[in-house]
Amino acid sequence: MNDSSRAGESSSSPATASKYDYSQGPPPLNINYDWCKACNICIALCPKQVFEPDREGKPLLARPENCTQCTICWVHCPDFAITSNYR
Amino acid sequence: MATAVKQKSDVILQYLRPHKKMPSVWCAGCGNGIIMSAIIRAVDKLGYSKDEVVMVSGIGCSSRMPIYLDFNALHTTHGRALGFATGVKFARPDLKVIVITGDGDALAIGGNHFIHACRRNIDITTILINNAIYGMTGGQGSPATPSGAFSTTTPYGNVEKHFEPCELARAAGATYVGRTTVYHATQMEKMIAGGLAHSGFAFIEAISNCQTYFGRLNRKGDAVAMIKSFKENAVMLGKAKKMSEEELEGKIVIGTLYRTEKTEFCDEYQRVIDSLQGGK
Ligand SMILES: Cc1ncc(C[n+]2csc(CCOP(=O)(O)OP(=O)(O)O)c2C)c(N)n1
Ligand code: SF4
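Residue numbers (my numbering), protein chains in the order written: chain V, 1 to 87; chain U, 1001 to 1280.
So here's chain V without its partners, still in its complex pose (with noise of 0.2 angstroms):
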């Protein structure tokens, strides 16, 4: 983990890059995981199951294809560590 904690840097994991497809363009969503506390706040609302907890319970994007982009995660995010590619 690199320790670019600066706005708008997101360090993405490995596991969520090799889950997602770029020739398809950016991923739906940004996780920023050094700002990320794991509440589990996003996991939990998303009304199309996209996330799935990593090891440290943060979010992977497990299904980003299923992302519609209603909001709901980065809206909730209390550490301002979603940010999407697309809204």
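Keep in mind that the hints were calculated from the coordinates and are not lab data.
Please note: incorrect hints may appear among the correct ones.
Unchecked claim - EDC-like mimics (lysine to aspartate or glutamate), calculated; alpha carbons at most 16 angstroms apart, straight line:
| id | chain 1 | residue 1 | chain 2 | residue 2 |
| --- | --- | --- | --- | --- |
| 1 | U | K1161 | U | E1249 |
| 2 | U | K1096 | U | E1052 |
| 3 | U | K1220 | U | E1232 |
| 4 | U | K1020 | V | D34 |
| 5 | U | K1021 | V | D34 |
| 6 | U | K1050 | U | D1094 |
Since the structure is predicted, the reported quantities are computational estimates derived from the model, not experimental observations.
Following the hints, put chain U with the ligands in place on chain V, whose structure we already have.
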């Protein structure tokens, strides 16, 4: 360093203090962060510049918010946020003043400042983060702790009655009163924008979760369980009007509860100055 904003969701990052090491001090899942992002989106929607906004807070977990936000900031003493904010607004009526206060901060030690700021109808937008407990000092009961609820100072259940902050604000003279919860973050954003655009004292009660103390002592579960309980217990104002008192038991009525127009304190004062200077 300002971050380039590509998307609406990036807007939050633009308003954070660049030198501040994130993440925040708040516990994982604490509602304070959700409220903070709703405030940013509301300010951004209204197009205010960072220099135009002053954020004033007292003491408490919730009151740590101005530390992270790149507005003009005053982190004052416990309960006195509204006193300081009145001074700021009075000296510079052109600035948009936002007060962040906790339930202990506004209703216990700051109760008097609160009712008198409402009474004067000064153009301040106050966001009371109501987590029904003193978070920062370790879970003592506050004036917003419901009867029967547990806290470290009410280990056998609270024998006192609690304040209804919105009714208190309305009775004291606030001209824009709303209640919302951290689950209803989009409504909160609209309500804060409405409060900022309103000329006069705007009071918004944001029901929040303190899972670390209130949740744990009252067996309400983790942050997710508490936020989901707000979703289940919230009733929109329109629907609540058709419900009986028994049906509303334990429910949270959300929405803009009260809105009226009255003369604003700074305007009224300016009128006095003008009339004296005009020699009339
Ligand atoms: C004059 C004074 N008295 C008491 C305190 C101790 N104190 C610090 S924060 C706090 C309570 C904060 O509770 P609340 O306003 O509900 O905010 P929360 O932490 O729940 O967000 C108290 C009593 C203080 N800092 N100053
Ligand atoms: S103690 Fe409660 S109010 Fe304070 S940061 Fe933790 S969850 Fe939030």
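Subject >> Given hint V:D34 paired with U:K1020 - CA-CA distance at most 16 angstroms >> reply: Distance ~14 angstroms between U:K1020 and V:D34 Cα, so the pair holds.
Original post:
When you check the alpha-carbon spacing of U:K1096 and U:E1052, does it fall within 16 angstroms?
Top reply: 6 angstroms, holds
Original post:
Between U:K1021 and V:D34, is the straight-line Cα distance small enough, at 16 angstroms or below?
Top reply: 11 angstroms, holds
**OP:** Would you check the hint for U:K1161 and U:E1249, treating anything up to 16 angstroms between C-alpha atoms as holding?
**Re:** 15 angstroms, holds
**OP:** Mind checking the alpha carbons of U:K1220 and U:E1232 for me, to see if they're no more than 16 angstroms apart?
**Re:** Holds, because 13 angstroms separates the two Cα atoms, which is no more than 16 angstroms.
Original post:
Given the hinted pair U:K1050 and U:D1094, is their alpha-carbon gap at most 16 angstroms?
Top reply: Since the Cα atoms of U:K1050 and U:D1094 sit roughly 13 angstroms apart, the hinted pair holds (cutoff 16 angstroms).
In summary, the structure agrees with every hint in the numbered list given earlier.
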